[in-house]
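If you want the building blocks of each chain, they are given just below.
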Amino acid sequence: MAMVQLGMIEELLKSEVIWSCTQCLACKERCPRDAAPYDVLEALQNLAFNLNLPVPEAYPAFINSILKNGVIQTPTRVRVWRHLPTKDTIKRDFEFRDRLSLGLPQLKKPAEIQKLAQALQEALKWKEE
Amino acid sequence: MEGRMKFALYPGCTVQSEQYAHEISAREIFPKLGVQLIDVKGFSCCGHPIKNVSVPAWLYLAARNLALAEKLGLDILPLCNGCNLSFREANHYLEENHSLKERIKVLLSFEGLSYTGNTKSWHILEFLRDIVGVEKIRSVVTRPLKGLRLAAHYGCHAIRPSNIGMFDDPEDPRSLEELIEALGAETDDYPERLDCCGQGLAITTGKTALTIAGLKLKAIQDRGFDAVILVCPFCMKMFDSKQNAIKVATQQKDINLPVLYYTQLLGLAMGIEAEKLGINLNLSPVGEVLKKLEGK
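Chains as they are written, first to last, in our numbering: chain A, 145 to 273; chain B, -7 to 288.
One chain only, chain A, in its complex shape:
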């Protein structure tokens, strides 16, 4: 916040510090001046992205996945215990299962994914909030 007040915006945009927030929003809840550090960070993060500066790799990965499948992650196989573990369980006795074998309905990506992708690309180009 001190760097923002000093106008050190360029330094901040290139710094990892703007990406190291848990986003717990406690500052947003409590800030008596309605100038929560979270909001400042989010504005700086958006600005860094709009200026094509480096951002944590998870974000472009999320965007690419949404453009392709509509979601940030497609279904994975997960570990399922053969016997419920206690604190004394040493042997990690798992099998791997997917949605179908767990009795969950299969997922389909949005029917008109190209139109979703087109609209999302448009939104990503907007510079102002």
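FYI, nobody ran anything at the bench for these hints, they're computed from the structure.
Worth double-checking, as some hints may not be accurate.
[Stated by the list, open to error] Below, a list of computed lysine to aspartate or glutamate pairs in the DMTMM-like style, where the Cα atoms sit at most 20 Å apart: (1) A/K231 to B/E184; (2) B/K283 to A/D237; (3) B/K210 to B/E184; (4) B/K112 to B/E184.
[Claimed, not checked] For the chain A half of the interface with chain B, some residues (derived, Cβ under 10 Å), not all of them: (5) P176; (6) R177; (7) W225; (8) E266.
Since this is a predicted model, take the numbers as computed values, not measurements.
For glycine and all other residues, C-beta sits at the position ideal for the given N, C-alpha and C.
Place chain B on chain A using the hints.
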């Protein structure tokens, strides 16, 4: 049940791709509580994961899902604190920004969707308390959870920011405690009750995220609770999925705390077997809770 007990189930990316236990337990218990869950074709990411890099992209994605539910005349029930916050905050934001709302509407028209902002997103705790009702929940308990002392963990995005209109006191929420007590279990205040799980840092500074989660788990365990009860798949990933990684990162080898979704806990109190609630998917030592319930 009457028509208004139909709700659009929105599992969200994380639940539907890896945190299956929340979806399994929700699909198991809600029909038994008189709630019909509708699967909506075409749901996509809620937008929250990319809000940090693009507020407009977040608003478009959030409004898109709300518009899909609106088309069916249904309110939306997300199984994730982040998704619920995304929808509620988008509704609030677009209500106050008319020019932006008009621009988002143009993007939605690509798929022939329309958005008015009239679709409500219900937080699962709010839904259980206000739509299902605590009395109804009390009435379906066939196996009271006597003897269990459980710590409530809300997750930051369930209760903050309150200026967009949340459902519980941001500084002293009570809904989860009320719902735990309705099952015959005991709960209690603890100083770390509203502390964050740390997940927001997982994609950039993983070690710090594990430390934050470890501090809370250790505190809960040291205060003598039998388990942590939560409602958010991201908090679950930290406290349950990563419990072993937390032990290593924090050098706290004695952390051994069962973690359950509230829907799983409710299912147990309804006498439903563990597997039907996806409890065999939790990675923390959940067998301890079952042992205690069975009086072993």
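Here's how the hints hold up against the structure:
no. : hint             : in the structure
1   : A/K231 to B/E184 : 23 Å, violated
2   : B/K283 to A/D237 : 18 Å, holds
3   : B/K210 to B/E184 : 10 Å, holds
4   : B/K112 to B/E184 : 31 Å, violated
5   : P176             : 13 Å, violated
6   : R177             : 14 Å, violated
7   : W225             : 5 Å, holds
8   : E266             : 6 Å, holds
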